[in-house]
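J.: Residue numbers (my numbering), protein chains in the order written: chain A, 216 to 369; chain B, 216 to 369.
Be aware that a few hints might be false.
Said to hold, decoys possible - Restricting the straight-line Cα-Cα distance to at most 25 Å, the calculated cross-link-like pairs of lysine to any residue (SDA-like) are: (1) Lys336(B) to Lys366(A); (2) Lys366(B) to Asn316(A); (3) Lys366(B) to His318(A); (4) Lys336(A) to Thr285(B); (5) Lys336(B) to Gln283(A); (6) Lys245(B) to Asp326(A); (7) Lys366(B) to Ala323(A); (8) Lys245(A) to Thr258(B); (9) Lys336(A) to Ala323(B); (10) Lys336(A) to Lys366(B); (11) Lys366(A) to Ala344(B); (12) Lys245(B) to Arg341(A); (13) Lys366(B) to Arg341(A); (14) Lys245(A) to Thr285(B); (15) Lys245(A) to Asp286(A); (16) Lys336(B) to Asp326(B); (17) Lys245(B) to Gln222(B).
For the record, the hints were derived by calculation from the structure and aren't laboratory data.
There are 2 protein chains.
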Amino acid sequence: MHEDFLQQAVDLARQNVADGGGPFGALVVKERRIIASSGNRVTPNLDPTAHAEIMAIRLACQRLGDFQLTDCILYTSCEPCPMCLGAIYWARLQAVYFACNRHDAAAAGFDDSFIYDEIPKQPAERNIAMRYLDLPEAGSPFSAWNRLEGKIRY
Amino acid sequence: MHEDFLQQAVDLARQNVADGGGPFGALVVKERRIIASSGNRVTPNLDPTAHAEIMAIRLACQRLGDFQLTDCILYTSCEPCPMCLGAIYWARLQAVYFACNRHDAAAAGFDDSFIYDEIPKQPAERNIAMRYLDLPEAGSPFSAWNRLEGKIRY
C-alpha cells in the first residue's frame, strides 16, 4: 500500500514538470484515502513556499477543516526540505514516506542539502545572516498570549 | 532603522493575539519600505503553515510579482522556526532581524526548539518517522526536469 501511494507521488512529480512546475509531488492520505495532492508550484504561483508538501498539507487542512493532520500520512517524491520538515511537525502528521533524498535533489540543482547544512550554524554566521536585536518589549507578545483566556493552542 | 522595523514586528505580534492569531509578527522590507506584513494566522486560517514569516514572504512575492525576495530584509518578532528558516532560504532574502529566540518560544508553549532538535536525527529515528522506500522510477521526475528546455530555475 505504501509503495502504491508513493508511486502516485512520483508520477505526480513527473507530470508536474510537464505542467510548468518543479519535479516534486506529494499526497496526504487518511485511512487509505487521498485527501489532497499537489506538485511543486513555486514558479507558476510566484510563491517560494509552494513546495508540493506545503501545498498538499494546506489543501488537506482546508478539506478536513482542521489545522492539524494527526491521523494522516504524507507521501512525497523526495525527502522533505527543512521548510517542509517543519511544516510536517506543525501539522503533526503521523508518518512520512519518501522516494528520493536530499542529495538527489541537490544533484538536480535544488538547495535542500545546503539548507540542512545551514541550520546548525549560529544565526549570525549563516549564509543569510540572522541578527538578534535586544528590544525592551520583545517578550510582550508572549505575555499577552499567556494572559489570554480561552486561547486555541496549536 | 533596524530597531524601528523590528519594533513594528513586535507590536504586530502583540496586536495579532488580540486579533485571534498567535503571538508572532513579521515584516518584509525593501529599500526601507514595508512591502508586506502579517501576524501568525494558523488557527483562524486552519493552516499550520500560516506562520507570520511565511505569510509575509508569500504576500511580498505576490506584491513584487516575483518568487524571490533578493533585496529584501525580514523583521520577525521571534527567531524563525525551521519551516520559516527554510522559506527564508528559498526566498533568498538578504538578511533577517529577530527579537525573541527559539527558547522564548518554547517557554510560551511552541515547538520551535523541539523541531530544531529533530532535524539532525536520521529520518527513520525522528519523532515523526520518515521512511525511505526504494522505487525503481524514483528518479524519473528529476530526469524529466533535466531534459526540459527553457525551464525556470528556482
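J.: The structure should be examined with respect to each hint, and the outcome stated for every one.
T.: We went through each hint and held it up to the structure:
Our distance criterion of 25 Å between C-alpha atoms is broken by lysine 336(B) and lysine 366(A), whose separation comes to about 33 Å. As the CA atoms of lysine 366(B) and asparagine 316(A) are separated by approximately 22 Å, the hinted pair is consistent with the 25 Å bound. In summary, the hint linking lysine 366(B) to histidine 318(A) is supported, as the alpha carbons are separated by about 21 Å, within the 25 Å threshold. Of the pairs offered as hints, the one joining lysine 336(A) and threonine 285(B) holds, with about 21 Å between alpha carbons and a cut-off of 25 Å not exceeded.
A hinted pair counts as satisfied when its Cα atoms are at most 25 Å apart, and lysine 336(B) with glutamine 283(A) qualifies at roughly 23 Å. Taking the CA atoms of lysine 245(B) and aspartate 326(A), the gap is near 24 Å; set against the 25 Å cutoff, the hint holds. Under the criterion of a C-alpha separation no larger than 25 Å, the hint pairing lysine 366(B) with alanine 323(A) is consistent with the structure, at around 13 Å. Note on lysine 245(A) and threonine 258(B): the hinted pairing holds, with a Cα-Cα distance of about 21 Å set against a maximum of 25 Å.
Annotation: proposed proximity of lysine 336(A) to alanine 323(B) holds, straight-line Cα distance about 24 Å (limit 25 Å). Only pairs whose Cα atoms come within 25 Å are accepted, and lysine 336(A) paired with lysine 366(B) is rejected, the gap being roughly 33 Å. With a CA separation close to 30 Å, the supplied pair lysine 366(A) and alanine 344(B) exceeds the 25 Å bound. For the hint linking lysine 245(B) to arginine 341(A), the alpha-carbon distance of about 21 Å falls within 25 Å, and the restraint holds.
Taking the CA atoms of lysine 366(B) and arginine 341(A), the gap is about 29 Å. The hint is violated against a cut of 25 Å. Distance restraint check for lysine 245(A) and threonine 285(B): the Cα-Cα separation of roughly 38 Å exceeds the 25 Å cut-off, and the hinted pair is therefore not satisfied. Of the supplied pair hints, the one linking lysine 245(A) and aspartate 286(A) holds, its CA atoms being roughly 6 Å apart against a limit of 25 Å. For a cut-off of 25 Å, the pair hint linking lysine 336(B) to aspartate 326(B) stands: about 16 Å separates their Cα positions.
Of the supplied pair hints, the one linking lysine 245(B) and glutamine 222(B) holds, its CA atoms being roughly 17 Å apart against a limit of 25 Å.
Violation of the numbered hints given earlier is confined to hints 1, 10, 11, 13 and 14; the remaining hints are satisfied by the structure.
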